[in-house]
Amino acid sequence: MPLIKNFKVDARTIIHLGRESIKDHATALLELVKNSYDADASVVEIEIYKKETLDKIRIADDGLGMTESDIDDHWLRIGFSEKRNVKFSPKGRRKTGEKGIGRLSTDRLGEDLQIVSIANQGNRTDINGIRICWELFNQDNQDLSGVPIEVIETPLAALPLAKKTDTGTELIISKLRHNWTKENIEALRNELSILTPPFSDTKDFEIFLQNDVSPEFNGKISPPDFVLPEIELIMVFNSSSSDIKYDIKDKFNGDKLKSGTIKWAELSHKVIDPFDLPFASENLSCGSVIIKLLLYPRTKALAEGTNFSLSELREYVDKNVGVKIYRDNISVKPYGYVGSIIGNDWLGLAERHSRNPAGIDRPEYRVVANQLVGAVFIGRDDNPNILDSAAREGLVENDAFFDLRAITLSAIALLENHRYSIYQVQKKRGANTNPSHSETAVIFKAEVKSAKEDVDKLKQLIKAPMHLFTENELKKTVDDIAQFVEASEKASFSFTDLLNHNRVLAGLATIGIASAVFGHETQGAITEFRESAIIAREYLSIEPIELNIIIDELEKSIKYGEQVAAWGKFALSRVQREKRKKEKRNIKEIIEGILNELTEVFKPVDIEIKNDNLISLEAQVYPMDIESILVNLLTNAYTACLQKNHHRVIKVELFTGEQNGVKGYYITIANSGHPIESSFKDWIWEPLNTLKKDSTGRETGTGLGLTIIKSIVEDLNGTKEILIDEELGGAKFKIWLPLT
Amino acid sequence: MPNIAIVDDRRDFRRTLKHKIELSLRKLNQSIWSVIDIDPFPIIGDYVSWIQDNDIAILILDEKLQEVATGSKVDYSGSLLIEKIRETLKEFPVFAITSYPNEPDLQSKFPLFDEILERDAFFNKSDEYISRFLRAGQRFLITHYEQLKRLSELSEKIALGTSSNEEKNELKLLQILMALPYSHLPTREQWLKEYEDKLNELDAISLKIEQFLAAKKS
Numbered sequence: 001m002p003l004i005k006n007f008k009v010d011a012r013t014i015i016h017l018g019r020e021s022i023k024d025h026a027t028a029l030l031e032l033v034k035n036s037y038d039a040d041a042s043v044v045e046i047e048i049y050k051k052e053t054l055d056k057i058r059i060a061d062d063g064l065g066m067t068e069s070d071i072d073d074h075w076l077r078i079g080f081s082e083k084r085n086v087k088f089s090p091k092g093r094r095k096t097g098e099k100g101i102g103r104l105s106t107d108r109l110g111e112d113l114q115i116v117s118i119a120n121q122g123n124r125t126d127i128n129g130i131r132i133c134w135e136l137f138n139q140d141n142q143d144l145s146g147v148p149i150e151v152i153e154t155p156l157a158a159l160p161l162a163k164k165t166d167t168g169t170e171l172i173i174s175k176l177r178h179n180w181t182k183e184n185i186e187a188l189r190n191e192l193s194i195l196t197p198p199f200s201d202t203k204d205f206e207i208f209l210q211n212d213v214s215p216e217f218n219g220k221i222s223p224p225d226f227v228l229p230e231i232e233l234i235m236v237f238n239s240s241s242s243d244i245k246y247d248i249k250d251k252f253n254g255d256k257l258k259s260g261t262i263k264w265a266e267l268s269h270k271v272i273d274p275f276d277l278p279f280a281s282e283n284l285s286c287g288s289v290i291i292k293l294l295l296y297p298r299t300k301a302l303a304e305g306t307n308f309s310l311s312e313l314r315e316y317v318d319k320n321v322g323v324k325i326y327r328d329n330i331s332v333k334p335y336g337y338v339g340s341i342i343g344n345d346w347l348g349l350a351e352r353h354s355r356n357p358a359g360i361d362r363p364e365y366r367v368v369a370n371q372l373v374g375a376v377f378i379g380r381d382d383n384p385n386i387l388d389s390a391a392r393e394g395l396v397e398n399d400a401f402f403d404l405r406a407i408t409l410s411a412i413a414l415l416e417n418h419r420y421s422i423y424q425v426q427k428k429r430g431a432n433t434n435p436s437h438s439e440t441a442v443i444f445k446a447e448v449k450s451a452k453e454d455v456d457k458l459k460q461l462i463k464a465p466m467h468l469f470t471e472n473e474l475k476k477t478v479d480d481i482a483q484f485v486e487a488s489e490k491a492s493f494s495f496t497d498l499l500n501h502n503r504v505l506a507g508l509a510t511i512g513i514a515s516a517v518f519g520h521e522t523q524g525a526i527t528e529f530r531e532s533a534i535i536a537r538e539y540l541s542i543e544p545i546e547l548n549i550i551i552d553e554l555e556k557s558i559k560y561g562e563q564v565a566a567w568g569k570f571a572l573s574r575v576q577r578e579k580r581k582k583e584k585r586n587i588k589e590i591i592e593g594i595l596n597e598l599t600e601v602f603k604p605v606d607i608e609i610k611n612d613n614l615i616s617l618e619a620q621v622y623p624m625d626i627e628s629i630l631v632n633l634l635t636n637a638y639t640a641c642l643q644k645n646h647h648r649v650i651k652v653e654l655f656t657g658e659q660n661g662v663k664g665y666y667i668t669i670a671n672s673g674h675p676i677e678s679s680f681k682d683w684i685w686e687p688l689n690t691l692k693k694d695s696t697g698r699e700t701g702t703g704l705g706l707t708i709i710k711s712i713v714e715d716l717n718g719t720k721e722i723l724i725d726e727e728l729g730g731a732k733f734k735i736w737l738p739l740t
Numbered sequence: 001m002p003n004i005a006i007v008d009d010r011r012d013f014r015r016t017l018k019h020k021i022e023l024s025l026r027k028l029n030q031s032i033w034s035v036i037d038i039d040p041f042p043i044i045g046d047y048v049s050w051i052q053d054n055d056i057a058i059l060i061l062d063e064k065l066q067e068v069a070t071g072s073k074v075d076y077s078g079s080l081l082i083e084k085i086r087e088t089l090k091e092f093p094v095f096a097i098t099s100y101p102n103e104p105d106l107q108s109k110f111p112l113f114d115e116i117l118e119r120d121a122f123f124n125k126s127d128e129y130i131s132r133f134l135r136a137g138q139r140f141l142i143t144h145y146e147q148l149k150r151l152s153e154l155s156e157k158i159a160l161g162t163s164s165n166e167e168k169n170e171l172k173l174l175q176i177l178m179a180l181p182y183s184h185l186p187t188r189e190q191w192l193k194e195y196e197d198k199l200n201e202l203d204a205i206s207l208k209i210e211q212f213l214a215a216k217k218s
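Chains as they are written, first to last, in the working numbering: chain A, 1 to 740; chain B, 1 to 218.
Just so you know, these hints were derived from the structure itself, not from any lab. These numbers were taken from a predicted model, which means no experiment stands behind them. Some hints could be false.
[Said to hold, decoys possible] Residues on chain B that point at chain A, a partial pick, calculated with CB under 10 Å:
1) 16
2) 22
3) 68
Glycine included, each C-beta is placed from N, C-alpha and C at the ideal position.
Chain B with its partners taken away, still in its complex shape (with noise of 0.2 Å):
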C-alpha cells in the first residue's frame, strides 16, 4: 500500500494537513493510499531508506522543521533535507507545503521540488493539489516497478553470463537512473588492472611517507 508522508516539527499543523489529505483521498475514492505523519528524523541521512522501506511515494515537507523544542537535534530545514535526498532520488515526487513559500532559502531549492505551494494555497484547493499529487506519486511506482523488474532480469542474465554488450550498457543507464551504485567495469581483467593501477598508486603515496619521517627525523 503506497504511502503519503508528512514531515513537520508542528505535531498540530502536521496532523491537520493529514486529516486534509485524508479527505480529499475519501473524496477521490482513493482508499489505496495512507498518510503517515512524523516527525523530522535527527539524522538527515535516514530518509532515503525510510522512504523505501515503507512504500512512500509522496513526500510533503515544511521548510522550517526545528521549531518546536523536540529535544531531538534536528539542525536541517525542509531546503537541506531536499538537497540530501536528490542525491539519491533523483524523480522521488517531494512537496513543500509551508506557511512562506517565498523564503530565500526554499526558493534557491526550487529545482529540486515537484511543487513549493503555499499552506493557505493547498487548503482552497486541497482535492485538485490531491489529485497531481497522486498522478506523480502513481508515475513514480509505475517507473520504479518496472525498472526495478528490468534491474532484475538484466543482473540475472549477467550474473549468468549470457548478457550481450547492449544489455550491459542498459544495465548501467539503469543504475545511473535509478542511482543505484554501479560498476563501469565490464570484464574481470579490466577491474584487476585498475585494482592493481590503485595498489600501486598507495604503494608510491606510502613510499613518500616514509621518505617524509626519515628526512624529518635526520
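Bound conformation, chain A alone (with noise of 0.2 Å):
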C-alpha cells in the first residue's frame, strides 16, 4: 500500500477566502443580504452602529433558518454550497452563489461574529448559535480545523420586527474593522435599492436599514421610482426559436406599440460594436434572454407629467443608468453598475457616442450612455454558457457572452433607429423645437435651484480667507457666478415669455368671446354685404329696371362691406405684437381706439356710445392688457344693451385716482340693460360663471371674460367693482389700475 499525504489547510486561508477576496464592505454586506434572500427571507433587517458606544452590524432576516446539522454540515464546510445541488429556494426564487464563501463575507466586516438561528426542525423549532473568531485564523503555524468555534448554550435571536416566519437568522458581527462614512451608507442603499431590477415588482422582498452614521439614509430601501421614459423597447430572445420580437413605445405615442418579430440573422447587421468583439452571425449561443430598455433623455421634457423636479430626475437616472445584467433577477455586478472601473461600459456606449456623436437628426445617431437604463435578464437554467467567473464578481468572456452583448448591442440600434424616426414624424409635423412653456416652467425651476446651489456654494468659499483660495477655487468661483448669471437670465426670459404668452392668449380669448357675441352680427352683415350687392347686380338685368331698388340695394352693400372690414380689422389688431411690450401709452387713445373699431358692430344694434368724459392721461401699460379689459366690459354691455329694446346706451369714463397713496387711474364702462344683482357680485368673476341666458333659460355666455379681466387686474395691482349706474340704470364696471 503506498504512502499517503495529505494537504493541511492553514487557517489564514480562511483569511484569503474571505476577507480579502471581497472587494469592499459594501459587497461584503450586500452578499449576506443576498444569502438571506436564498434563504427566502421576506424582510431582512440590516443595523450599523459605529459611533457611541456601540460597534456592530446586524443582520436579521425571516428566513428558513438553519438547524444544527445546517450549521455543522453546511455553514461550517468552507466551499460548500448546497447552491450547487439544489438550485431554487422553496419559494422558487433561484439561488444566487456558488462557492459556499459568501458566509465569509462577515470576516470582512469585523472581527467578531455570532450569528443565531431558528429553523424548523420536524415539528418543531430548532435554535442554535454559534460565535467564531476571525481573528484567531491569523496565526503562524495555525491548522484551519484546531481554531475553536464557540457554541452559544443559551442562544437567543431578535427576528425582523416585520417578520412573516418565525424561523430566521440573525447575524451580529462586532468590532467592525471599518470606519462607515456617510458615502458608504448611501453607497450601500444604492446598492440595495437595485439588487433587485426597478423592472418587477419585488415588494417580497424588503430590506431595512438602520445607522447611526447617515440617520437620513434609514428606513425601508425601495426601488427606484419608475418615471416614463421617452422611449421604452423590450426584446425577448427564445432561445427555442430564432426569432427575436420586440416591442417599442414612446411618450409621443402612448401606449401605441411598434411591434415586429425578426431573425437574428438580419438583426445581428444592426449591431454596431466599437470594439468589434465577435459573435455568432446565425445562432446564438447565449440562451433566452429579455433585454429591456428605457432612455431617459436629459432634458427638461423628462420632468414633463411627474411630480419630480428635472435636477431630481436628473439624479434618478445618474443612479441608474446603465444596462446591467440580471442573473434570476439579481443584478451581476459589474455590468452597467457606473462606479466600476472595470465592466461599467461593457457595451462600449461611451466610445460608440464618441466615434460618431451624430445628433438625433441624423440616421447614424447614437445614444448617449448616461441616457440609458437597461436590463438584460438571463437564468442560470436558461444560459448556462454563461458562466461566473472565478474572480467572485463578473462573468467569463466566452462566446455565449460575447453573444449577450451583441443581442443587447441590436436593441440599442433599434432604439436609435426609432428614436430617429419619431423624430422625422415630429419634424414634418412642424413640431416646434422650442421648449414648451411648460418646459421653460420646469427650466426655470430647476435653474433657480441651481442658482440658489451656486450662492450657498459662493457664501461658503467667501467666508473663507483669501489667501486660502485655490487657483482652482478662485476659478471655480469666477465660474459659479458667471453659470448664476446665466441662469438668473434665461429665468427672466423664460418669465416674461410665460407672461406674455398669457397675455397672448388673454388676448386670443377676448376676440372669440367677443366673436361668439357680435358673431351673429357680423355673419349677418357678411351675407347682406354680399347678397345687395348681387340683387342689385340682378335687378339690373331684367326689365324695367327699377332704379330704387338698385340704389337701396347698392347703398346697403356698401354699409355693411364697411362693416364686415371694421370687424377684420378689430380681430386682427388685437394681439399685434407691439401691443405685447411695455411701453408709455396714452390710455384715452387706446380707448377710443377701441370704440372707433366697434361703432360698425354696436350701430345696427342702435347702441349709443357716451365718451364725453374721457381724460388725457399716461401710463406705463402693455396696450394688450387694457385693450383686453375694455373688449370684455364692451362685450358684456353690448350684450346687457340688448336685454332693452330702447336707449340702448354704453357709457365709458376715464378719469385718475389714488389707492392707498398709490396714483392710478379709473376705467369705468356702463350700459342701460339691467344691473347686476348684489348676489352676484364676486360669483360673476368666477371662471365659467355667467349671467348671459337665452330665452330658455339656457346659458350662452362662455364665463370666461370677467375672469379674464380679473387675472390681468390682479397681475397689474389693480382693483375692480361692480356697481349701478344711476344714469343708465345699468351695470356699472369700475377698473382702476397704477399709473406704473
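Reassemble the complex: the two chains are provided individually, in unrelated frames, and hints are given to aid placement.
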C-alpha cells in the first residue's frame, strides 16, 4: 500500500478567501443580504452602529434558518454550497451564489461574529448559535480545523420586527474593521435599492436599513420609482426559436406599440460595436434573454407629467443609468454599474457615441450612455453557457457572453433607429423644437434651484480668508458667478415669455368671446353685404329697371361692407406683437381706438356710445392688457344693452384716482341693460360663471370674459368693482389700475 | 291676392329678402303674389288675426326679433312666435330664414316650422326655395278655401235643422282641423244639463267660501 500524504490547510486560508477576496465592506454586506434572499427571507433588517458605545453590524432575516446539522455540515464547511445541488429555494427563488464563501464576508466586516438561527426541525423549531473570532485564524502554523468555534449554550435571536415567519437568522458582527462613512452608507443604500431590478415587482423582498452614521438613509429601501422614459423597448429572444420579438413605445405615441419579429441573421447586421468583438452571425449561444431598455434624455422634457423636479430626475437617471445584467433577477456586477472601473460600460456605449456623435436628426445617431437605463435578464438554467468568473465578480467572457453583448447592442440599435424616426415625424409635422412653456417652467424651476445652490457655494467660499483660495477655487468661483448670472437671465426671459404667452392667450380668448357675441351681427353683415350687391346686379339685368331698388341695395352693400371690414380690422389688430410690450401709452387713445373699431358693430343694434368723460393720461402699460379689459367689458355691455329694446347706451369714462397712496386711473364702463344683483358681484368674476342666458334659460355666455379681466387686474395690482349706474340704470364696471 | 309676409326687426335685412323674393316671383311668373315686410308686433297674439285679415299665405320669420332698439316692447323671438301661431294655425306655412339656423332655441321648435333655412343657403338657391314656398302656400290656400266652403255648407244645414248625425260629426272634425272653437254638444238638452251642472259646482264652491269666511270670523 503506497504511502499517503494530505494537504494541511492553514487557518489563514480562510482570511484569504473571505476578508481579502471581497472588494469592499459594502459588497461584503450585500453578499450577506443575498444569502437572506436565497434563504427565502421576506424581510431583512440591517443595522450598522459605529458611533457612541455601539460598534456592530446586525443582519436579521425571516428566512428558513439553519438547524444544528445545517450549521455543522454546511455553514462550517468551507467551499460547501448547497446551491450547487439545489438551485431553487422553496419559494422558487433562483439561488444566487455557488462557491460557498459568501458567509466569509462577515470576516471582511468585523473581527467577531455571532450567528443565531431558528429553523423548523420536524414538528418543532430548533434554535442554535455559534460565535467566531476571526482573528484566531490569523496565526502562524495554525491548522484551520484547530481553531475553536464557540457554541452558544442558550442562544437567543431577534428576528425582524416585520417578520412573516418564526424562523430566520440573526448575525451580529462586532469589532468592526472599517469606519463607515456617510458615503459608504449611501453607496450601500443605492446598491441595496438596485439589488432587485427596477423593472419587476420586488415587494416580496423588503430591506430595512438602520444606522447611526447617516440616519437620513434609515428606513425601508425602495427600488427607484418608475419615471416615464422617452422610449421603452422590450426585446425577447427565446433560444428554442430563432425569432427575436420586440416592442417599442414612446411618450409621443402613448400606448401605441411598434412591434416586430426579426431573425438574428438579419438583426445581427444592426450591431454597432466599437470594439468589434466577435459574435455568432446566425445561432446565438447565449440562451434565452429578455432585454428591457429605457431611454431618458436628460432634457427638461424628462420632468413633464411627473411630480419630480428636473434636477431630481437627473439624479435618478444618474443613479440608475447603465445597462445591467440580471441573473435570476439579481444583478451581476460590474455590468452597467457606473462606479465600476472595469466592466461598467461593457457595451462600449461611450465609445460608440464618441466615434459618431451625430444628433437625433441624423440616421447615424448613437445613444448617449448616460441616458440609457437597461436590464438584460438571464437565468442560470436558461443560459448555462454564461458562467460566473472565478474572481467572484463578473462573467466569463466566452462566446455566449459575446453573443449576449451583441444581442443587447442590436436592441440599442433598434431603439436608436426608433428615436431617429420619431424625430423625423415630429419634424415633418412642424413640431416646435423650442421648449414648450411647461418645459420652460421646469427649466425655470431647475435653474433657480441651481442658482441657489451656486449662491450657497459662493457663501462658503466667501467665508474663507482670501489667501486660502487656490487658483482652482478662484476659477470655480468665477465660473459659478457666470453660471448664476446666466441662470438668472434665462429664468427672467422664461418668466417674461410665460407672461407674454398668457397675455396673447387672454387676447385671443377675448377675440373668441367677442366673436361669439358679435358673431350673429357679423355673419348677418357678411350675407347682407354680398346679397345686396348680387340683388342690385340682378335687378339691373331685368326690365323694367327699378332704380330705387338698385340704389337701395347698393347702399346697403356698401354699408355692410364697411361693417365687415371694421370687424376684420378689429380682430386682426388685437394681438399685434407691439401690443405685448410694456410702454408709455395714452390710455384715452387706446380707449378711443377700440370704440372707433367697434362703432360699426354697435350701430346696427342702435347702441349709443357716450365717451365724453375721457381725460388724456399716460401710463406704463401693456396695451394688450388694457384692450382685453375694454373689449371684454364692452362685449358684456353690448349683450346687456340688448336686454332692452329702447334707449341702448354704453358709457365709457376715464379719470385719475389714487388708491392707498398709489397714483392710478379708473376706467368705467356702464350700460343701460339690467343691473347685476349684489349677490352675484363676487360670483360673476369666477371662471365659467355667466349671467347671459337665452329665452329658455340656457346659459349662452362663456363665463370667461370677466375672469380674464380679473386675472389682468390682479396681475397689474389693480382693483375692480361692480356698481349700478344711476344715469343708465344698468351695471357699471369700475376698474382701477396703477399708473406704472 | 295672396301675400308672403316677412317679419324681422332689421329693416335692411328684411328689405333685401323682400327684393330677392320679388325677383324670384318675377322670374317664376308668379305675379299673383305680393311680398310685405313688417316690424315685429309688440303683442305676440296679434299675428293670427293679421294673417287671416291680410290674406297671408306664407310667413317668413327671423329668429331674433329684438335686435334693433325700435322702442316697441317686443319680448319674443321667432321660436316663441311659431309656438303661438301653431296654437291656432296648424297647417299654415311658416319658414325661418336666419343667419344662425342652429341656434338651440330655434332648433327646439324645428317640428313647428315648415323649414328652417340659413340665410346664405336661401340666397344661393332662392328661386328653388321660393317655388317650394309657393307650393306650400297654394296647398294651404286650396285646403283652407275648401274647408271654409264646406264649413259654410254644414253650418247652414245645422242652422236649418236638416243635418244628419254624420254631418254633425264632420263639422266637429272640420272645426278641429281648422283649429276653430267648436261646440261638442249636439243637442240643446245636453247643453242645458251641462250648464246646470256647472252652476251647481259654482254654487258648491260659493258655499265653501262662505263657510270658510264664517270660520275665520269666529
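Structure-based check of each hint:
no.	hint	result
1	16	6 Å, holds
2	22	8 Å, holds
3	68	6 Å, holds
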